[in-house]
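Colleague: Chain by chain, the residues:
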Amino acid sequence: MKAPKIRVENLNLHYGSKQALHDITIDLPEHRVTAFIGPSGCGKSTFLRTLNRMNDLIDGVRITGSVKIDDVDIYDRTVDVVRLRKRIGMVFQKSNPFPKSIYDNIAYGPRVNGIRDRGALDEIVEESLKQAAIWDEVKDRLDESAMRLSGGQQQRVCIARSLAVNPDILLMDEPASALDPISTAKIEELIFELKDRYTILIVTHNMQQAARVSDYTAFFYLGELVEFDKTRTIFTKPGNGKTEEYVTGRFG
Amino acid sequence: MADHILTRFDNELEKLGARIDAMAELVRAQLAGALGALRDSDAVRAADIIEQDDRVDLLDVKIEKLCMRLLALQQPVALDLRTVLSALAVNRYLERIGDAAVNIAERVDALAAHPALLRRTRVPEMGEAAQSMVADAIAAFLESDIVRARGVALRDGVMDDYDRENFTILTDVMSREPSLVVPASHLLIVSRNLERLADEATNIAEAAVFVADAKIVKHGGWGE
Chain L
1 MKAPKIRVEN
11 LNLHYGSKQA
21 LHDITIDLPE
31 HRVTAFIGPS
41 GCGKSTFLRT
51 LNRMNDLIDG
61 VRITGSVKID
71 DVDIYDRTVD
81 VVRLRKRIGM
91 VFQKSNPFPK
101 SIYDNIAYGP
111 RVNGIRDRGA
121 LDEIVEESLK
131 QAAIWDEVKD
141 RLDESAMRLS
151 GGQQQRVCIA
161 RSLAVNPDIL
171 LMDEPASALD
181 PISTAKIEEL
191 IFELKDRYTI
201 LIVTHNMQQA
211 ARVSDYTAFF
221 YLGELVEFDK
231 TRTIFTKPGN
241 GKTEEYVTGR
251 FG
Chain W
1 MADHILTRFD
11 NELEKLGARI
21 DAMAELVRAQ
31 LAGALGALRD
41 SDAVRAADII
51 EQDDRVDLLD
61 VKIEKLCMRL
71 LALQQPVALD
81 LRTVLSALAV
91 NRYLERIGDA
101 AVNIAERVDA
111 LAAHPALLRR
121 TRVPEMGEAA
131 QSMVADAIAA
141 FLESDIVRAR
151 GVALRDGVMD
161 DYDRENFTIL
171 TDVMSREPSL
181 VVPASHLLIV
191 SRNLERLADE
201 ATNIAEAAVF
211 VADAKIVKHG
221 GWGE
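Residue numbers (the working numbering), protein chains in the order written: chain L, 1 to 252; chain W, 1 to 224.
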């Protein structure tokens with residue numbers, strides 16, 4: 001396996017008295033796509049959100065164990081969460097462009113980071129949109145509102161926006177579940193292209209999507225990590241009976 | 001046909017085509033080698049052919065794994081589904097052709113002292129016909145050429161006739177010349193191997209039609 005970008009050890013998460021994640025230990029390899037699958041409520045999205053400390057925003061959440069990115073524990077007191085999240089882009093199920101022009105959506109992050117030079121911003125916008133495989137579709141209307149784009153295009157603009165601040169990890173929570181099949185295929189192809197430069201973690205309800213896009217798959221059930229292996233293994237000969245039952249559609 | 005949006009899918013399908021092509025080349029070489037060794041009573045060449053079988057087996061496993069991966073991870077449908085299912089089948093047919101070639105090569109030693117007996121049978125013509133059937137079937141499959149595929153299927157009957165003729169010739173030899181019972185028995189099996197191998201070529205041709213047209217033409221379903 002590739003060197004781990006993220007090392008999670010004995011991670012437990014409680015919402016008040018309810019435990020949502022049980023003792024998760026996993027190494028997530030760099031520059032690979034890892035998919036998290038499992039039935040609703042299994043903890044896969046909660047786990048994804050521990051990786052950029054999104055759960056910190058929820059009252060009553062208690063986390064123990066460690067999450068190390070490049071050997072630094074992101075739950076350490078000294079870690080600046082804003083800087084942490086700059087390194088970790090996130091894309092959600094529902095595309096959420098700002099009600100601004102396409103250009104301003106992409107330039108938003110870099111501007112917040114202090115980049116003011118128009119030439120530099122132009123370059124970032126173009127490069128990000130190209131990486132997100134949407135440049136050709138929007139290059140002649142960068143001043144139009146991003147809200148006027150189709151759902152699939154909006155989602156790719158959101159991916160471009162997350163790339164604009166130059167992260168090294170991309171978290172994707174059901175990035176294609178609201179899209180038509182062709183837009184979905186475009187997002188999947190994009191994920192495949194982006195993995196050379198980013199470590200990508202994707203939560204998906206769509207097992208076939210996990211099979212198509214990911215190199216590794218982690219199966220969660222009832223807040224536990226049941227199995228983690230190469231995707232080709234999970235979908236041809238999983239080691240755990242529960243995984244087999246889930247991927248073959250026998251429960252869940 | 002245009003490319004898939006998912007390049008990984010195209011890459012895997014291309015790899016599958018290339019591997020079937022490589023498998024076909026290996027098997028054709030095996031068959032040509034076995035028949036050449038038989039014709040020239042060349043035991044060294046025959047031993048080479050037998051040894052090559054490991055390469056065929058290795059590739060056979062690789063192709064099966066690739067097909068399984070494609071089915072499990074890419075969920076092919078329509079033309080893509082037929083392509084993967086057929087590749088799986090054609091791979092097996094090719095492997096059996098390779099096995100038949102090895103079986104022929106294994107008899108070269110026993111037949112080396114009886115070149116005249118070989119020439120009294122229809123095995124030489126049968127070998128030529130089998131090779132051209134295999135070559136055409138593979139080309140028909142790789143190029144989705146239905147006309148060529150049909151041509152292969154039409155020649156299968158001729159091979160059955162040759163085999164029956166060989167049976168008559170060789171059983172006649174056995175009854176008249178008991179000293180030739182052993183080599184004649186080997187030749188009967190060579191003939192039967194060639195006949196089987198032509199069946200496999202026909203199976204490949206039928207797979208070509210399945211990929212192109214989604215028609216299942218085995219068991220006499222070629223129609224008019």
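For the record, the hints were derived by calculation from the structure and aren't laboratory data. Incorrect hints may appear among the rest.
[Claimed, not checked] Below, simulated DSS-like cross-link-like pairs (lysine-lysine); rule was C-alpha separation at most 30 Å, straight line:
hint, chain 1, residue 1, chain 2, residue 2
1, W, Lys62, L, Lys237
2, L, Lys130, L, Lys100
3, W, Lys65, L, Lys195
4, W, Lys218, L, Lys2
5, W, Lys62, L, Lys2
Colleague: When you check the alpha-carbon spacing of W/Lys62 and L/Lys2, does it fall within 30 Å?
Modeller: 24 Å, holds
Colleague: With the threshold set at 30 Å, check whether the alpha-carbon distance from W/Lys65 to L/Lys195 stays at or below it.
Modeller: Between W/Lys65 and L/Lys195 the Cα gap is close to 24 Å, so the pair holds against 30 Å.
Colleague: Within 30 Å, alpha carbon to alpha carbon, are W/Lys218 and L/Lys2?
Modeller: 47 Å, violated
Colleague: Could you grab the alpha-carbon distance between W/Lys62 and L/Lys237 and see if it respects the 30 Å cut-off?
Modeller: 16 Å, holds
Colleague: Verify the proposed pairing of L/Lys130 with L/Lys100, using a straight-line Cα cut of 30 Å.
Modeller: Roughly 19 Å separates the two Cα atoms, so the pair holds.
Against the hints set out earlier in the document, a violation occurs for number 4 only.
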